[in-house]
Amino acid sequence: KAGVTQTPRYLIKTRGQQVTLSCSPISGHRSVSWYQQTPGQGLQFLFEYFSETQRNKGNFPGRFSGRQFSNSRSEMNVSTLELGDSALYLCASSLGPSAEAFFGQGTRLTVV
Amino acid sequence: GEDVEQSLFLSVREGDSSVINCTYTDSSSTYLYWYKQEPGAGLQLLTYIFSNMDMKQDQRLTVLLNKKDKHLSLRIADTQTGDSAIYFCAERGDNQGGKLIFGQGTELSVKP
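As they're listed, the protein sequences go chains A and B. For the first sequence, the residue numbers in the numbering used here are 1 to 112. For the second sequence, the residue numbers in the numbering used here are 1 to 112.
One chain only, chain B, in its complex shape (with noise of 0.2 Å):
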């Protein structure tokens, strides 16, 4: 069946890098996504892949995608406190419509 896991949490100091990691079950998956959620507050779209797509960088944020392994990561360059926040990996598949299957969500904590 369909299925996302994700560590739960990571620590990382302000300035470094965090990577955030991913694997899904469901090899029809279309499009994989990366959401934030800070406290008190709804999902943010953060940056997306396409299934066909091995990499995406957007500003500090980098997406790798291991089509084989069903690995997705979400590296964020020179993280700041403001980055502090729990971080979803979800995917779509094909014929699954608007529905998306989230993960269990990686606490990120950048510390001063």
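Isolated chain A, as found in the complex (with noise of 0.2 Å):
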């Protein structure tokens, strides 16, 4: 069974660009999260979807946002990228809200 599967891997966009990362959950899985991993704040929660809709939102602000396809797959968006956005983004899979989550390799975001 295939895992969670991010693209692209790595990505280097320019400040003030906009950007798009992907998100493929386990078969079967229909919800997904999103965290940001930077050195100095650690794993943050962007948001939560479950059955296309988002159940849960972190403390981001409104340049972060997301969305779930019909197939369960998801997609984060950033627009006009600042240095600080730099980090690794990972998306996790699970069968629901309540049940474990699975983790993807995420997608180290460069910001220059």
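Don't read these hints as lab results, they were simulated from the structure. Note that this is a predicted model, so its numbers are computed, not measured. The reader is advised that the hints may include incorrect statements.
[Unchecked claim] Cβ-to-Cβ under 10 Å is the rule here; a few derived chain B residues that face chain A:
no., residue
1, 9
2, 33
3, 35
4, 40
5, 41
6, 42
7, 43
8, 44
9, 88
10, 90
11, 97
12, 104
[What the hints assert, rightly or not] Now the in silico label distances, taken between C-beta atoms and shown as ranges:
no., chain 1, residue 1, chain 2, residue 2, range
13, A, 20, B, 55, 41 to 49 Å
14, B, 13, A, 14, 46 to 54 Å
15, B, 60, A, 79, 39 to 47 Å
16, A, 79, B, 52, 30 to 38 Å
17, B, 44, A, 58, 17 to 25 Å
18, B, 17, A, 38, 28 to 36 Å
All C-beta atoms in this analysis are idealised placements derived from N, C-alpha and C, irrespective of residue type, glycine included.
The task is to assemble the complex, starting from two chains supplied on their own in separate frames and drawing on the hints.
Encoded structure:
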């Protein structure tokens, strides 16, 4: 059974640009969550989707947004990139919101 | 508010037992998790414990939960050099859906 797949693995963007990251959950999983990992702030929750609905949102500015499609795949978007957005973005999938979460390898975003 | 604390570093000799500790503040935590992260990789779910349990054993891993003191520990028996990684404790509160609150991570170094 394939794990959580995140694309791309690495990305370099310029300040002011926007970026879209993709996450394909484990087959059969309907819940997808996103986290930002930085050396300074550690792992911080961004948002959670279940059945195409955002169920929970972390404390991030409106530049960070996401969505989930009918096949449970999810995307997150960051607009007007700032240097501080450089991070490892991790996606986790689970059968449902209360089930254990399995993480992908992450997308390493570098903003220059 | 929600907070999870871990010590940052632990160094052990190969063959010894490792004990990684974690404290949390959310008394409504329902599940507590241990994840492992190797360099350049995502998070690997190691084990979890439900809040009404005191102990869970899974091969070389033993999780102990003291709910009164809000203290969680992960014991790795017969630690190997391949166990060198960062270990994260995470908690999920009641009514939080899939949102996980992570500790800062404990870097385990295993010396031969």
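Hint by hint, here is what the structure shows:
Interface restraint check: residue 9(B) against chain A, minimum CB-CB distance 15 Å, threshold 10 Å, status violated. Hint status for residue 33(B): holds, given a least beta-carbon distance of 7 Å to chain A, under 10 Å. Taken as an interface hint, residue 35(B) checks out: its beta carbon lies about 7 Å from the nearest beta carbon of chain A, inside 10 Å. Given the 10 Å rule on beta carbons, the hint for residue 40(B) holds: about 8 Å separates it from the nearest Cβ of chain A.
Because the smallest distance between the Cβ of residue 41(B) and any Cβ of chain A comes to about 6 Å, under 10 Å, the interface hint for this residue holds. The beta carbon of residue 42(B) is positioned within 10 Å of a beta carbon in chain A (closest approach about 4 Å), and the interface hint is therefore held. The restraint placing residue 43(B) at the interface with chain A holds, with a minimum CB-CB distance near 4 Å, inside the 10 Å limit. Taking 10 Å as the C-beta contact cut-off toward chain A, the hint placing residue 44(B) at the interface holds, the least distance being around 7 Å.
A cut of 10 Å between beta carbons decides the hint on residue 88(B): the least distance to chain A is about 7 Å, and the hint holds. Because the smallest distance between the Cβ of residue 90(B) and any Cβ of chain A comes to about 8 Å, under 10 Å, the interface hint for this residue holds. Residue-level restraint check for residue 97(B) holds (minimum Cβ-Cβ distance to chain A is 4 Å; threshold 10 Å). For residue 104(B), the suggested interface contact is upheld, since its CB lies about 5 Å from the closest CB of chain A, less than 10 Å.
Remark: the range hint 41 to 49 Å for residue 20(A) to residue 55(B) is upheld by a beta-carbon distance near 44 Å. At about 47 Å, the CB distance of residue 13(B) to residue 14(A) agrees with the hint of 46 to 54 Å. For residue 60(B) paired with residue 79(A), a C-beta distance near 45 Å keeps the hint of 39 to 47 Å intact. For the pair residue 79(A) and residue 52(B), the beta carbons lie near 43 Å from each other, so the given range of 30 to 38 Å is not met.
Checked against the hint of 17 to 25 Å, the C-beta distance between residue 44(B) and residue 58(A) comes to roughly 22 Å, which is consistent with it. Restraint check, residue 17(B) to residue 38(A): a C-beta distance of roughly 32 Å satisfies the suggested window 28 to 36 Å.
Violated hints, listed in ascending order, are 1 and 16; each of the other numbered hints is respected by the structure.
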